[in-house]
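Enquirer: Protein chains in written order, with my numbering: chain A, 50 to 341; chain B, 10 to 570; chain C, 67 to 308.
Just so you know, these hints were derived from the structure itself, not from any lab.
Note that the coordinates shown come from a computational prediction; the quantities given were computed from them, not determined experimentally.
Glycine is no exception: its CB is placed at the ideal position from the N, C-alpha and C atoms.
Treat each hint with caution, since some may be false.
[Claimed, not checked] Partial pick of chain A residues on the chain B-facing surface, computed with a CB cut under 8 Å:
| # | residue |
| --- | --- |
| 1 | Asp138 |
| 2 | Glu180 |
| 3 | Phe322 |
[As the list claims (entries may be wrong)] Capping the alpha-carbon separation at 25 Å, the derived lysine-lysine pairs in PhoX-like fashion look like this:
| # | chain 1 | residue 1 | chain 2 | residue 2 |
| --- | --- | --- | --- | --- |
| 4 | C | Lys252 | C | Lys227 |
| 5 | C | Lys241 | B | Lys552 |
| 6 | B | Lys552 | C | Lys299 |
| 7 | C | Lys296 | B | Lys552 |
| 8 | C | Lys252 | C | Lys133 |
| 9 | C | Lys252 | C | Lys241 |
| 10 | B | Lys552 | B | Lys315 |
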Amino acid sequence: MLQQLANGVFAGSIYALFAIGFTLVFGILRHLNLAHAAIFTAGAFVGIEIATRTGMPIWVLFPVVAAVGALAGLLLERVAFRPLAGRDDEHFAGLISSVAFGGVLIALIQARYGTEPKSFKQDYFPNQLFEFGGIRVTLTQLVTLGLALVLMLGLAWLVSATPLGRAMRAVAENPTAAKVVGVNVHSVTAGTYALSSALGTVAGALLALNLGQADRGLGLSIELIGFAVIILGGLGSLWGAMAAGIVLGLAEALTIHYFDSTWKGLVPFALLFLVLVIRPRGLFGHVKVREV
Amino acid sequence: MLVGYDTLITNIALAAILAYSFHVVLMAGQLNLGQAGFASLGAYVSTLIVPTEPLFGSLSPVLIGIPVGAFVGGAAAFLVGLPVLRLRGVFLAIGTIAFGEMVRVFMNNAEWTNGALGVRVDKWVTVDFAWIIVAVLAYLFWRLGPSRIGRAFAAVREDELAASSMGVNVVRTRMTSFVASGAIAGVYGVMFLYFFGRITPTTFDFSLTVDGLVTAVLGGYLVFFGPILGAGFFTAVPELQKALGVEAGWVDPFITAVILLIVILFLPGGLSTAFARIRRGRPDPGGDIEGLEPLPDNGTPIASIKGLGKSYGAVQAVREVDLDLRSGEILGVIGPNGAGKTTLVNMISGLETPTTGEGEVLGVRLGATGGAHRFAQAGVSRTFQHSKLFDRLSVLDNVLVGTHAVSRSTYLRRLIWLPSARRDEKRARALAWAQLRRVGLADRAHARPGSLSYGDQRRLEIARALASHPTLLILDEPAAGMNHVEAAELAELIRSLADDRITVLFIEHNVKMVLDTCTRLVVLNFGEVIAEGEPRAVAADPKVVEAYLGGVLDEEASENV
Amino acid sequence: MSESKPATDPILSVENVDVSYGRVNAVRGVSFSVPEGGLVALVGANGAGKSSVLAAVSGLVRPAAGKVILGGRDITRWPAHRRVGAGLVLVPEGRQILGTLTVAENLRLGAHRRRRHAAPESEMYELFPVLAERRALPASALSGGEQQMLAIARAMIARPKVVLLDEPSMGLAPKMVDEIFTVIEKIRASGVTVVLVEQNARRALSAADTGHVLETGEIARSGPASELLKDPKVVQAYLGVE
Numbered sequence: 050m051l052q053q054l055a056n057g058v059f060a061g062s063i064y065a066l067f068a069i070g071f072t073l074v075f076g077i078l079r080h081l082n083l084a085h086a087a088i089f090t091a092g093a094f095v096g097i098e099i100a101t102r103t104g105m106p107i108w109v110l111f112p113v114v115a116a117v118g119a120l121a122g123l124l125l126e127r128v129a130f131r132p133l134a135g136r137d138d139e140h141f142a143g144l145i146s147s148v149a150f151g152g153v154l155i156a157l158i159q160a161r162y163g164t165e166p167k168s169f170k171q172d173y174f175p176n177q178l179f180e181f182g183g184i185r186v187t188l189t190q191l192v193t194l195g196l197a198l199v200l201m202l203g204l205a206w207l208v209s210a211t212p213l214g215r216a217m218r219a220v221a222e223n224p225t226a227a228k229v230v231g232v233n234v235h236s237v238t239a240g241t242y243a244l245s246s247a248l249g250t251v252a253g254a255l256l257a258l259n260l261g262q263a264d265r266g267l268g269l270s271i272e273l274i275g276f277a278v279i280i281l282g283g284l285g286s287l288w289g290a291m292a293a294g295i296v297l298g299l300a301e302a303l304t305i306h307y308f309d310s311t312w313k314g315l316v317p318f319a320l321l322f323l324v325l326v327i328r329p330r331g332l333f334g335h336v337k338v339r340e341v
Numbered sequence: 010m011l012v013g014y015d016t017l018i019t020n021i022a023l024a025a026i027l028a029y030s031f032h033v034v035l036m037a038g039q040l041n042l043g044q045a046g047f048a049s050l051g052a053y054v055s056t057l058i059v060p061t062e063p064l065f066g067s068l069s070p071v072l073i074g075i076p077v078g079a080f081v082g083g084a085a086a087f088l089v090g091l092p093v094l095r096l097r098g099v100f101l102a103i104g105t106i107a108f109g110e111m112v113r114v115f116m117n118n119a120e121w122t123n124g125a126l127g128v129r130v131d132k133w134v135t136v137d138f139a140w141i142i143v144a145v146l147a148y149l150f151w152r153l154g155p156s157r158i159g160r161a162f163a164a165v166r167e168d169e170l171a172a173s174s175m176g177v178n179v180v181r182t183r184m185t186s187f188v189a190s191g192a193i194a195g196v197y198g199v200m201f202l203y204f205f206g207r208i209t210p211t212t213f214d215f216s217l218t219v220d221g222l223v224t225a226v227l228g229g230y231l232v233f234f235g236p237i238l239g240a241g242f243f244t245a246v247p248e249l250q251k252a253l254g255v256e257a258g259w260v261d262p263f264i265t266a267v268i269l270l271i272v273i274l275f276l277p278g279g280l281s282t283a284f285a286r287i288r289r290g291r292p293d294p295g296g297d298i299e300g301l302e303p304l305p306d307n308g309t310p311i312a313s314i315k316g317l318g319k320s321y322g323a324v325q326a327v328r329e330v331d332l333d334l335r336s337g338e339i340l341g342v343i344g345p346n347g348a349g350k351t352t353l354v355n356m357i358s359g360l361e362t363p364t365t366g367e368g369e370v371l372g373v374r375l376g377a378t379g380g381a382h383r384f385a386q387a388g389v390s391r392t393f394q395h396s397k398l399f400d401r402l403s404v405l406d407n408v409l410v411g412t413h414a415v416s417r418s419t420y421l422r423r424l425i426w427l428p429s430a431r432r433d434e435k436r437a438r439a440l441a442w443a444q445l446r447r448v449g450l451a452d453r454a455h456a457r458p459g460s461l462s463y464g465d466q467r468r469l470e471i472a473r474a475l476a477s478h479p480t481l482l483i484l485d486e487p488a489a490g491m492n493h494v495e496a497a498e499l500a501e502l503i504r505s506l507a508d509d510r511i512t513v514l515f516i517e518h519n520v521k522m523v524l525d526t527c528t529r530l531v532v533l534n535f536g537e538v539i540a541e542g543e544p545r546a547v548a549a550d551p552k553v554v555e556a557y558l559g560g561v562l563d564e565e566a567s568e569n570v
Numbered sequence: 067m068s069e070s071k072p073a074t075d076p077i078l079s080v081e082n083v084d085v086s087y088g089r090v091n092a093v094r095g096v097s098f099s100v101p102e103g104g105l106v107a108l109v110g111a112n113g114a115g116k117s118s119v120l121a122a123v124s125g126l127v128r129p130a131a132g133k134v135i136l137g138g139r140d141i142t143r144w145p146a147h148r149r150v151g152a153g154l155v156l157v158p159e160g161r162q163i164l165g166t167l168t169v170a171e172n173l174r175l176g177a178h179r180r181r182r183h184a185a186p187e188s189e190m191y192e193l194f195p196v197l198a199e200r201r202a203l204p205a206s207a208l209s210g211g212e213q214q215m216l217a218i219a220r221a222m223i224a225r226p227k228v229v230l231l232d233e234p235s236m237g238l239a240p241k242m243v244d245e246i247f248t249v250i251e252k253i254r255a256s257g258v259t260v261v262l263v264e265q266n267a268r269r270a271l272s273a274a275d276t277g278h279v280l281e282t283g284e285i286a287r288s289g290p291a292s293e294l295l296k297d298p299k300v301v302q303a304y305l306g307v308e
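Looking at chain A on its own, in the form it has when it is part of the complex (with noise of 0.2 Å):
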């Protein structure tokens, strides 16, 4: 039971990371990103490549992949929302031009990697098993937490503390006051995609290594998921998301343990039907970056 528990929270740390990303961008801009679960995989398909090729240590493959990321989110800032800016419909646009940057990226990942799953070197990171009260942990999962927690915990603080967050803040509010005071909304728009995008590639290298593989399908349960986690979170409220990730993961073991487990998948749906139908705003939509 409190190994399952744990299991659980292991998996809700990356959903949470999954999911921080997401309501980031649409928290500060409203964009439902669709192809955050193509970033994702892409995470998982360039970490296992660079730590294939280069064997570069744990501490520096997630900056680089992380690095990868940011360049990707640029990108898809710059084809996928920004020319949409303006446009009546640029909300709905944007939901479909990001799902046709999603599947452009799948396409690639396809033509580089193929379509068998790939995964990392049997020794590439030192599976040690520690034992806590009875519950056995990798240290893949002791990394996964610690890492998400860092991430999460500095995204947290990116946002309520610095001039960039405060900047963000302003975007999401009301874009023409932001460019009132002298905030370059453009750039905003562009980081806040890159930041998304980071912790995206980083959440998909993370659970790569906790599979030690990685295919194409990848991201396309976590988008649900995703989706799960945003909206009991609240959408946009980042504390929401990461608590909401964790329950998440938590009630999913859960059920494994008192039901079975291919009914693990309907728990997340379930539990959003519910929280939208009874209450919109998500269970923990308090510390909100912007009123939807």
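Following the hints, position chains B and C against chain A.
Expert: Below, chains B and C without anything else, positioned relative to chain A:
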């Protein structure tokens, strides 16, 4: 010629059916993405009901499957819609996606669906059969476009507030499009099942939803055959590549995605944009309009309000307003910015609920449930301070939406070409044209609102409001942005409306125009009525001069008055 | 491009500016200039194009034609944030304060683009004591007048060279309007150049040196503010009397 292409051509038909289930919600501006769930339910339930043998020895058993799929999909959409349609935009999209996923997981775990292994049936769907269904759908949508409900869909998509002010029941319209979408998705599920002969729960997953959405968007929702265009395109591109000898697995999805990106960036209306432009506009038929209810005689009380107040949190926008309106009056409402004028008329037209006080307008109680369309149907019509025209509809179609409250539904009768439907549509058009002539816009009937000058846009809004044959017409700053000549013409128009026994309540900043036009004047300041009565007397009231004109040049102002 | 000009030249000039939204021409051929340290008022009825002129000057919209010159430099094509950096700051219509941010955060945002020039926050709290008491509150908790004070403080913290005030008295109680105009006098006294757009023509013209009356997107009358105050034609334009 088509031998060997059966599967391809049937695939196009199937993709078109799926795309129609998105088309119908996109027409109404609703982001329903639960089609995978409705299709799954339709398909699985039909395996329980549809016989395995041909009907009467030769007919395809899918003939039973189609209505079963449509009913199951539609009923499920209705049940899901009850809670979910309170949501909008992204929330609606995510909520419906969640529903689709719940269905998938459920089918995967239920006994009767045979779980992940799926169900096998005989293949009963042929090319001809698939295309007959597509043809039926295309027909249904062809007849929908220029019908009353078709216009209601477009109005809800463009602007819900304006639509409900024109008498469109927004809740019901959204639900109608939602149920239609579920029914078509159900039909798609059945068609898929009996064409491929096998389904598993993952047949109907999220990627199916994305495919359908993308096909519908690529085809465009502005013309009725958009889904067929989109489906043809998406199905044909990979085939073309094969014919050209491109075999690499990634090229096909790559090219498809790139084309989708290009279309959405540069061709917002999808492939059908090219066809939507060449719709010919019919000329003004002229003629009188019969069968309109006579307006009440002058002096009949039409609204009575006591102690009306509205607060937003700590801000009291309107407080303790008493107001009576009699038929044939022109009531001017003036006051400085932020005095609560718009809030007051929003309450009178049913867009906002008062926090205190009570009142009745044309028999409808203020704050009653049911929304603004009930006020519109009772005879209240209005324009907005910031014009809320339906930008993607023509000038004439904008005004036609205005006839919603005084016309009957024509869609079902149009399907079987009943002459009475034709008559009703003709009457609605005549009514619309008459309003365009009234405001002097008949020569711009087929233009887009966005191409009109600002003053003309204001007049179009008035024409649209008049098309509902209102007893009470509310105008929120109709002269804003007009020059003197236009404002004078507008004043003339308003007086002529009063001659036609329409009661007018208007908010205006142009004091001269108000004084020239209205029969009674109310002045609001900080949410309260500070003066009321005969216009010139009220305007000379020092309190009013101080409050409204900011004490501007009081000597000259009083000379002018 | 930025050759040095004699000090008597205007710090800001607007030359033949057109502004259009779609096919609607909101402003046609508007020209005026503002001497350094001056206070110029643009008055006129609702919809006369006053705010559109300020939007073009501040960079919120790009004019369809014409030029905006700041301190001798053509800034017509500069984005809004660059103009703020150069010391041209707008206090927008409807205040546009950021309600979810605290008062202090709003002020810090005002210094965002001019960190080197910016005044210390404490200076703004001295100038606007009411803000000091409420510095930790979300700005949405302020009253309308206080929000207007915050919007002005947010502009002033950047130590602008030119400040553009768009309808600062809109929707405020008369007493609050008095306070706002007192603040405008103070700003002016500190040497900052002011362009004031107002519907409240008498107040605006009483405070200004020079006035321009806008009517349907064009300047209908210009002159020393004291003369415009007495000109009956101004009343006509203003009230829409023919």
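Enquirer: Decide, hint by hint, whether the structure agrees.
Expert: To see whether the hints hold, each was checked on the structure:
1. For aspartate 138/A, the suggested interface contact is upheld, since its CB lies about 6 Å from the closest CB of chain B, less than 8 Å.
2. Checking glutamate 180/A against chain B by beta carbon gives a least distance of about 34 Å; that is not within 8 Å, so the hint is violated.
3. Contact between phenylalanine 322/A and chain B, as hinted, is supported at the beta carbon level, the nearest pair being about 5 Å apart and thus within 8 Å.
4. Annotation: proposed proximity of lysine 252/C to lysine 227/C holds, straight-line Cα distance about 14 Å (limit 25 Å).
5. Straight-line distance between C-alpha atoms of lysine 241/C and lysine 552/B comes to about 15 Å, which keeps the hinted pair within the 25 Å bound.
6. The straight-line distance between the Cα atoms of lysine 552/B and lysine 299/C is roughly 24 Å, inside the 25 Å bound, and the hint therefore holds.
7. A hinted pair counts as satisfied when its Cα atoms are at most 25 Å apart, and lysine 296/C with lysine 552/B qualifies at roughly 22 Å.
8. For the suggested pair lysine 252/C and lysine 133/C, the alpha carbons sit about 30 Å apart, so the restraint of at most 25 Å is broken.
9. Among the hinted pairs, lysine 252/C with lysine 241/C is consistent with the structure: their alpha-carbon atoms are about 17 Å apart, no more than 25 Å.
10. For the hint pairing lysine 552/B with lysine 315/B, the CA-to-CA distance comes to about 23 Å; that is within 25 Å, so the pair holds.
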